[in-house]
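Read off the chains here:
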Amino acid sequence: MKHSSFFWFVLPSALLMLAFIAFPIVSVVTQSLYQEHEQVIIEVENCGPFGCTTAESVDQEATAALREAQPLGQFAGLDIYKDRNHLAFAEVGEAWTSSVSMRDFAGSLMNLPFYDAIAFTLTYTAVVTPLTIIFGFLIAIGVNAVARAMRGPTIFLSLLPMIVTPIVGALVLFWMVDARGVLGAALQWASGDPDLSVKASTPLMWIMLMVYGTWSSAPFAFIVYYAGLQTVNTDTLEAAMIDGATRWQRIRYVVIPHLVPLTTFIALIQLMDNFRVFEPIISFSAQAHARSLSFAIFNDLGGETRLLSSAAATSVLTIIGVAILLSPVLVRTWRDFGKER
Amino acid sequence: MKIWKNAMLGTAVAALSATGALACEADGRVSIIGNEFPAIQTVAAAAGACAGIEFTSNLTADHQTLNVAGMTGNPAEYTTAIVANSSIVALINEDVIQPLDALVAEYGQDISPSQLITVDGKIMAVAFMANAQHLVYRGDVLEAVGLDVPTSYEEVLAAAEAIRAAGIMENPVGGAYAAGWNLAQEFTNMYIGTGGEFFTPGTAEVSINNAQGVEALEMMKALTAYMNPDYLTHDSNATSAEWEAGNVALMNMWGSRTGVLMDDEGSAPEVYENTMVSGPLTVGDSGTPATTLWWDGWTVAKNVSDADAAATFQAMAAGVSSDILNDETMSQAVWLMDGFDAAPVNEGVLASVAAGSRPYPMRPFQGLLHTALGDNIADFLQGNESAEQTLADIEAAYTAAATEKGFLQ
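For the protein sequence lines, the chains are A and B, in the order given.
Here the working numbering is used: the first residue of the first sequence is 1, the next is one more, and so on.
Here the working numbering is used: the first residue of the second sequence is 1, the next is one more, and so on.
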């Protein structure tokens, strides 16, 4: 392709990516480097239906000129990143010097909101991504073996978790595992503990979030694998059958090698998605037990006083986290690409 | 939902037309952003019934995430925001609402002076209803164990133990203890009840890591021993559902929600007939009730034309006039207008006001502390750390946030 036609060919998508991906990221990075101007606090008398009280207030006139001159706020550099609600360098350093054992240090680390969130986020990503791939593959193999007449309905049923709105699917499961719900009562019966409550226990809540995560994203892996299965070379499969390969051997030595590139693709997408886990924490009211980076961003923006810079800093850290997670897969893809040339 | 809303507005408007409240006439744009519950729907419907105005309203539980953004532009999308004493500070901080002194002088003859919310001498809002959390109890259950209505949290614990021992209920105490805003609100109540001060006066420096803070946390933890084990996921809605299911006999609940508990929908006669309200509870011996008083009121946006501001003021003044009170709307809230007759459901809020409870603090940085409280208290209630550690964590989280917002240097 000529350079000029390539240029005109990619121009529209390059412009859109610039407008909808690059600029917002630049804006978020900029925001995370600024904090609000110093606010002058004065005492005022507030009166209302319940009488008068003295309370602190912000002297608007004192900060109006500053705000006018620098609407972004004052430059803070990396201060927001380093504060206690993010990377907390000072607190981590102190915990390192004052703790007597690694266990003690880990405890202090988990007490800091960012490290607590990253611990859950990474565990979730590490558990849900492989489970999604394994279950997606198994469902695809299973559906592919179903008689042709039954395939349509089976595919539809298998895709249901992806069709159901995430928040609705999560709420359904949330009520089922309630102590008086179907699954909750069954768990109590199975464990022989009448006081067992999934919603009250941190480990069970984590397991439930991961079960939900696998349930809702397995159909994505399934549909990709199912599409891949349609392109498996039937000649090779038949040759393997003539050579006396069992079903397992055919899957292991013909189907799986054929689907490996798809696995890379699914892993990429799922790593990105799972690292940004958010909806299940809201629908399961799980914030007492599990917080993710995305939840921390939501929390910063959802309060009565919005913490824009804090949310921006966590967003940038999330982007860095996704980049680190994806780097092995990306490097591998890059290398494979180089080899073929 | 939409149909239901329109139907609600329709009946409210019809009810108003019947009482002849359509005297209001103004010329301009009126656009309301506010929370969604029956009392606010009544006010919005009455304001919208004004003749000659261009009217829109957006009543939603997410109003707080929309109001600042929707009033920052010029002209502002919303000409008025219906707020409470906690949420007005965000609007004042961002400088998006205007003082109403001139408008009150010109159009506010019918507004009673006690409804005016003044900050530093300037009228910033007009309140129309009061709210507070107070004790809700099951008369029959307390009678069965032979105890009087509790007036303190210590008596609540004793009553809960008696109810559990008698085998009537396993978890007789309820409460909106969902991690986040609700849990922070319960701590705020309890800490005020112990006589604690949140900040060093005159500054934004937090000061809750003290004996009162520990006392408040310890009492909350003692109460959770008598709650459904899932209490950290129970917001006001879930707590009300537990009540209507007959699983709870004692709880601290919002006055605005008692009407639903005492009507004959959603619960057995045994539950709703025996649901009673009482005043606020105390903790320890400070004498201050462990609750906060709240008002809901309306404001006028700063970035609107004078004509729109005047129209908005007139329409909202009509929306909260005594004319909106009728048989249907009377029990929806503790209205602050003249002509309000309290129904039995309203007694708890009135008792809270009479007991000298303190209003929820109107400080620009109280919201930041509220968020920090909601994020950290669950760690203590679950037994993961000591009360002192939790309070230290709250102070540290608040300090980092307040530094970012410029309240602390």
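Careful: at least some of the hints might be erroneous.
Claimed, not checked - Simulated pairs of lysine to any residue, SDA-like, Cα-Cα distance not exceeding 25 Å:
#1 K302/B x L301/A
#2 K221/B x K122/B
#3 K122/B x E68/A
#4 K122/B x M262/B
Stated by the list, open to error - Residues from chain B that face chain A, not an exhaustive set, calculated with beta carbons under 10 Å:
#5 L59
#6 T60
#7 S86
#8 D95
#9 V104
#10 I117
#11 D120
#12 N274
#13 M276
#14 G297
#15 L336
#16 A387
#17 G406
Claimed, not checked - Just a sample of chain B residues kept apart from chain A, beta carbon distances all over 12 Å, derived:
#18 A105
#19 G266
#20 D341
Quick caveat, the hints were computed from the structure, so don't treat them as lab data.
Being a predicted model, the structure only gives us computed values, none of them experimental.
Virtual Cβ for every residue (Gly too), placed ideally from N, Cα, C.
Violating hint indices (sorted, rising): Those not satisfied are hints 2, 4, 5, 6, 9, 12, 13 and 16.
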